[in-house]
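J.: Top line first, the protein sequences correspond to chains A and B.
Going by the UniProt record's numbering, the letters in the first sequence line up with residues 1 to 395, in that order.
Going by the UniProt record's numbering, the letters in the second sequence line up with residues 1 to 472, in that order.
Hints listed in this document are in silico derivations from the structure and should not be mistaken for laboratory results.
Check before you lean on any hint, since a few could be wrong.
To be verified - Residues on chain A that point at chain B, a partial pick, calculated with CB under 7 Å:
1) G90
2) P93
3) T99
4) V307
5) D315
6) S316
7) N319
8) E321
9) E323
10) A328
11) G331
12) H332
13) T336
14) R338
15) D340
All C-beta atoms, glycine included, are put in the ideal place defined by N, C-alpha and C.
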Amino acid sequence: MSLLTPDAKTHTDPGAAASGAVIPDQSRAERTTSHEVADFPVPSGREEEWRFTPVDRLSALLSDEPTDDHAATFDVSSLGSLVGEPLAPGQAPRGTAFTPADRAAVVGSANTPEALHVQIPVEQEIADPLRIDVHGNGAGRRSNAHHVIEAGRHSKALVILDHTGSADHVGNLEAIVGEGAHLTVVSLQRWDDDANHLGQHDALVGRDATYRHIVVTLGGGIVRVNTNVRYDGPGGDATLLGVYFADAGQHLEHRSFVDHNAPTCTSLVTYKGALQGETAHTVWVGDVLIRAEAEGIETYELNRNLVLTDGARADSVPNLEIETGEIAGAGHASSTGRFDDEQLFYLMARGIPEIEARRLVVRGFFADVVGKIGVPEVVETVMQAIEVELAQAGE
Amino acid sequence: MSTIEELNPGLKDLGRYEYGWADSDTAGASAKRGLSPEVVADISGRKNEPEWMSALRQKALRLFGKKPMPTWGSDLTGIDFQNIKYFVKSTEKQAASWEDLPEDIRNTYDKLGIPEAEKQRLVAGVAAQYESEVVYHQIREDLEEKGVIFVDTDTGLREHEDLFKEYFGSVIPAGDNKFAALNTAVWSGGSFIYVPKGVHVDIPLQAYFRINTENMGQFERTLIIADEGSYVHYVEGCTAPIYKSDSLHSAVVEIVVKKNARVRYTTIQNWSNNVYNLVTKRATCEEGATMEWIDGNIGSKVTMKYPAVFLLGEHAKGETLSIAFAGEGQHQDAGSKMVHAAPNTSSTIVSKSVARGGGRTSYRGLVQILEGASGSKSSVVCDALLVDQISRSDTYPYVDVREDDVQMGHEATVSKVSEDQLFYLRSRGLTEEEAMAMIVRGFVEPIARELPMEYALELNRLIELQMEGAVG
Numbered sequence: 001m002s003l004l005t006p007d008a009k010t011h012t013d014p015g016a017a018a019s020g021a022v023i024p025d026q027s028r029a030e031r032t033t034s035h036e037v038a039d040f041p042v043p044s045g046r047e048e049e050w051r052f053t054p055v056d057r058l059s060a061l062l063s064d065e066p067t068d069d070h071a072a073t074f075d076v077s078s079l080g081s082l083v084g085e086p087l088a089p090g091q092a093p094r095g096t097a098f099t100p101a102d103r104a105a106v107v108g109s110a111n112t113p114e115a116l117h118v119q120i121p122v123e124q125e126i127a128d129p130l131r132i133d134v135h136g137n138g139a140g141r142r143s144n145a146h147h148v149i150e151a152g153r154h155s156k157a158l159v160i161l162d163h164t165g166s167a168d169h170v171g172n173l174e175a176i177v178g179e180g181a182h183l184t185v186v187s188l189q190r191w192d193d194d195a196n197h198l199g200q201h202d203a204l205v206g207r208d209a210t211y212r213h214i215v216v217t218l219g220g221g222i223v224r225v226n227t228n229v230r231y232d233g234p235g236g237d238a239t240l241l242g243v244y245f246a247d248a249g250q251h252l253e254h255r256s257f258v259d260h261n262a263p264t265c266t267s268l269v270t271y272k273g274a275l276q277g278e279t280a281h282t283v284w285v286g287d288v289l290i291r292a293e294a295e296g297i298e299t300y301e302l303n304r305n306l307v308l309t310d311g312a313r314a315d316s317v318p319n320l321e322i323e324t325g326e327i328a329g330a331g332h333a334s335s336t337g338r339f340d341d342e343q344l345f346y347l348m349a350r351g352i353p354e355i356e357a358r359r360l361v362v363r364g365f366f367a368d369v370v371g372k373i374g375v376p377e378v379v380e381t382v383m384q385a386i387e388v389e390l391a392q393a394g395e
Numbered sequence: 001m002s003t004i005e006e007l008n009p010g011l012k013d014l015g016r017y018e019y020g021w022a023d024s025d026t027a028g029a030s031a032k033r034g035l036s037p038e039v040v041a042d043i044s045g046r047k048n049e050p051e052w053m054s055a056l057r058q059k060a061l062r063l064f065g066k067k068p069m070p071t072w073g074s075d076l077t078g079i080d081f082q083n084i085k086y087f088v089k090s091t092e093k094q095a096a097s098w099e100d101l102p103e104d105i106r107n108t109y110d111k112l113g114i115p116e117a118e119k120q121r122l123v124a125g126v127a128a129q130y131e132s133e134v135v136y137h138q139i140r141e142d143l144e145e146k147g148v149i150f151v152d153t154d155t156g157l158r159e160h161e162d163l164f165k166e167y168f169g170s171v172i173p174a175g176d177n178k179f180a181a182l183n184t185a186v187w188s189g190g191s192f193i194y195v196p197k198g199v200h201v202d203i204p205l206q207a208y209f210r211i212n213t214e215n216m217g218q219f220e221r222t223l224i225i226a227d228e229g230s231y232v233h234y235v236e237g238c239t240a241p242i243y244k245s246d247s248l249h250s251a252v253v254e255i256v257v258k259k260n261a262r263v264r265y266t267t268i269q270n271w272s273n274n275v276y277n278l279v280t281k282r283a284t285c286e287e288g289a290t291m292e293w294i295d296g297n298i299g300s301k302v303t304m305k306y307p308a309v310f311l312l313g314e315h316a317k318g319e320t321l322s323i324a325f326a327g328e329g330q331h332q333d334a335g336s337k338m339v340h341a342a343p344n345t346s347s348t349i350v351s352k353s354v355a356r357g358g359g360r361t362s363y364r365g366l367v368q369i370l371e372g373a374s375g376s377k378s379s380v381v382c383d384a385l386l387v388d389q390i391s392r393s394d395t396y397p398y399v400d401v402r403e404d405d406v407q408m409g410h411e412a413t414v415s416k417v418s419e420d421q422l423f424y425l426r427s428r429g430l431t432e433e434e435a436m437a438m439i440v441r442g443f444v445e446p447i448a449r450e451l452p453m454e455y456a457l458e459l460n461r462l463i464e465l466q467m468e469g470a471v472g
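Excised from the complex, chain A in its bound form (with noise of 0.2 Å):
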């Protein structure tokens, strides 16, 4: 079945709207959720959540296809025992804490008819990262991927979702968060420049759990990543850290969405990126709901952008609903600008060449971020491919 067709029902019929017909979603939870591919038509980019996307380069994208042959190769093997039997749509946990809230999400996840099922067993503590990698086979191949991590109680874990090579890849991927488990979860993009990827990480907190989410977005063509985060019980925690190089030609796109939806949990939210060259474009869309029912949480989301060169543009959206007024704190903040020259003029002036000085001030601008990140191997591959892009730049 496909839905490229344009469909009636999705216009808007002008005289229903003249009647003020039309009722504005008046919250985030308001968005449509759904595993449904009809319920998701083709958008055509004026959708509050498709509005910054180059959707009419993405038709291929958001059709509904089946994988292509050998589009992508997938190796779990560090996993070992802990991958169980694939999950068909609709089995559970499958679903669980993962709910489509996007056309791409509901296309990559009705055609993933077996979802990888992670387990880490309760109460065990896995002290080597456990690796997913993805290998895009060739530009424009279509791959669809569903990633089910389900961290059992008071079990420990690192997850590192690694994407190379080119694809047009739907990635999902859910973490169900068992009651006071630790997990991170790392995802590199680290595509070829013709590689496409739009994905959707859903997360279920559970009581007393820890959360972490580090996106790491480096290359690709269009990519796009929504981070989405509810809470099981009360006193979760989530982090979600990002941090993004665009260089010209480049749509790095990250959405996340926190639903406090329970009492003295709390969330934060940093994500930091630069860009460079013509046309190189980010968008950062942090949206918090905090319901009446999440009483005593605290959340901060954070985004900065550092333009380095003309004719780049950086988006950044902070939102924030709030239904209670009985939290601890919240509060969000963006900026852009581009690097400070008088820090510039600082080290140049204590002898740095202006190319080792600019390396310094952006190494400065990430340093908080990668510092939270708290894996050696990722902080190691977020700092080398910085000084890759800079000296690209300086070339």
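For chain A, the structure is supplied; the task is to place chain B on it using the hints.
T.: Here is chain B on its own, set in the frame of chain A:
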């Protein structure tokens, strides 16, 4: 634990509406309901206006039919466009002196406190609009001699047609949005102001707007042109009686700020809680010009208002100070829009909101730095204060930067009145009520102090004095 509201019974009065009386309504009952080309043609005919304006109204009406309702913001399904009276004439001709006004209208404005301000000459000029037309108008003679024009918009079109035609719709075209199209089709009244080169109007020009008729739509149109190096401060206030069913206020305000001129526009909006207040306000700033919006939203059922500044010349500056109070059943969806289209421009938005009794405040803003606007700076700060568990506060800022050489910052905080603050003040000998009043006053103070004296008094009446009334 007792809630803050239980401890402070007076807090409920914060949104209590004191301007809810209705005068006898002979003008309103006879006015036609609904919108059609004939209704628009009838307005044109009554005003005896030039052909181009009649044609523009009809074109705008067609645009209104085509434009969709906003798909974001507040729930506007309660508006029935066919149940609204689009033009209500309340008096035969404009009065030249206060005593000439019909008694019921004069009483209305006496209750609002206008004649006091007039008598004391606290203002440079006063206009009062009742229903669709301006009923009273006065400007100081020395300003008139300097060439300052301050008339109602209908008179502006009649007496200064060339100037009017040059600027009308130049900042907000008819098709800008659905409600701007509606206003262009049925506009009536409002203020037309021209300040010549280098003239400083030292005390504010004022206008009061009042809706008296049930289901009445008020669509005033204000056009302000500040010529090079001039300065003017314009202040408006709005009220309406409380009826069972809803009224609509949909104004358009266009401001042209020329090179090195400065305009300050202050609004204290206190419509009753059954008015949909959907207003488009926009200013353009040439080189070195400054536009300041001071926007107080206290009344109305739903307000959607985002005063905008288009910074078109180098070193132009835009500033918005916004304050919103939302009580039971109210949604204040307010904010500001700053478009940086020239190098070295700067903008500042400061928004403060207080929600109580289940009300909802939303800050919705846009800062856009277009290509070529290098060296621009923008800062947005939003603070919200929640005084109970059932109210709601949202922040939706949009930032769009297309230049590297800029500085852009946004920050928002939401806080409740903390037990610590109350405890601290009580330990200094204040009662809980006094402490509460002091915290709320302190929270809005940065904006309240920007108001001219007489409007600070009005705002005080609306917020601060009512808070203090709770103390006794």
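J.: Against chain B, is S316 of chain A within 7 Å by beta-carbon distance?
T.: holds, 5 Å
J.: Close enough to count: is the Cβ of H332 of chain A nearer than 7 Å to one in chain B?
T.: holds, 5 Å
J.: Do the numbers back the hint for V307 of chain A, that is, is its least Cβ distance to chain B under 7 Å?
T.: holds, 4 Å
J.: Regarding the hint that G331 of chain A lies at the interface with chain B, is the smallest CB-CB distance below 7 Å?
T.: holds, 4 Å
J.: Once the shortest beta carbon distance from R338 of chain A to chain B is found, is it less than 7 Å?
T.: holds, 5 Å
J.: Can the hint on T99 of chain A be confirmed by a CB-to-CB distance to chain B that is less than 7 Å?
T.: Since the shortest Cβ distance to chain B is 23 Å, the answer is violated.
J.: Going by Cβ atoms only, is T336 of chain A closer than 7 Å to chain B?
T.: holds, 4 Å
J.: Does A328 of chain A pass the interface check with chain B, least Cβ-Cβ distance below 7 Å?
T.: At 10 Å from the nearest chain B Cβ, A328 of chain A fails the 7 Å test, so the hint is violated.
J.: P93 of chain A was flagged as interface toward chain B. Is the shortest Cβ-Cβ separation under 7 Å?
T.: At about 33 Å, which exceeds the 7 Å cut-off, the nearest Cβ of chain B leaves the hint on P93 of chain A violated.
J.: Per the CB criterion, is D340 of chain A less than 7 Å away from chain B?
T.: violated, 9 Å
J.: Would the hint on N319 of chain A be counted as holding, given a Cβ-Cβ threshold of 7 Å to chain B?
T.: At 5 Å from the nearest chain B Cβ, N319 of chain A passes the 7 Å test, so the hint holds.
J.: How about G90 of chain A: closest beta carbon in chain B under 7 Å, or not?
T.: Nearest chain B Cβ about 32 Å off; hint violated.
In this structure, the earlier hints numbered 1, 2, 3, 10 and 15 are contradicted, and the remaining ones agree with it.
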